[in-house]
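*Asks:* Sequence:
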Amino acid sequence: LENCLQPHAQWLSDMGMDDSQVAQFILRWPAFFGVSVETNTKPKVQHLRDLVFADGQILRVLLSFPQLLSYSSQRLLHRMRVLKSQGPLTERSLQKMVMSDAQFAARFE
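Following our numbering, the numbering of the sequence shown begins with 555 at its first residue and continues without gaps.
The reader is advised that the hints may include incorrect statements.
[Unchecked claim] Mimicking BS3-like on lysine-lysine, the simulated pairs with C-alpha atoms at most 25 Å apart in a straight line are: (1) Lys650 <-> Lys596; (2) Lys638 <-> Lys596; (3) Lys650 <-> Lys638; (4) Lys638 <-> Lys598; (5) Lys650 <-> Lys598.
Hints were generated in silico from the structure; no laboratory data involved.
Please model the complete structure; the sequences and the hints are all you need to start from.
*Replies:* Structure (structure tokens):
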């Protein structure tokens, strides 16, 4: 079990999370252990970097909204593009990403 969990926890640490933040993240999104860091999580974090988010901002976003990593890449990118078309992407604007699909569509599309 430890061999399965340790790489995920280590990746969070490598992102800059301390032990209490790793625990907080895991408590808020335990399904993290069921996704591949290499093929799922890292590409999504790279999408955030590509949209001009610094690692410290990404860390704060992930701690606040870890479920963003559960979104498909297509859904994540679509929502980020829509929000970016409304103005600069900020941590505050990313809060809107966790709206339901119906709420998001009603507000932005």
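*Asks:* Hinted pair, alpha-carbon criterion (25 Å max): lysine 638, lysine 598. Please report holds or violated.
*Replies:* 16 Å, holds
*Asks:* Could you grab the alpha-carbon distance between lysine 650 and lysine 598 and see if it respects the 25 Å cut-off?
*Replies:* Satisfied, since the Cα-Cα distance of roughly 17 Å is no more than 25 Å.
*Asks:* Need the status of pair lysine 650, lysine 596: alpha-carbon distance at most 25 Å?
*Replies:* This hinted pair holds, its Cα atoms lying about 22 Å apart.
*Asks:* Next pair to validate is lysine 638 with lysine 596; report whether the Cα-Cα distance is within 25 Å.
*Replies:* Cα-Cα ~21 Å, so holds.
*Asks:* For a C-alpha distance cap of 25 Å, please report whether lysine 650 and lysine 638 respect it.
*Replies:* 12 Å, holds
Hint check: no violations occur; every hint is consistent with the structure.
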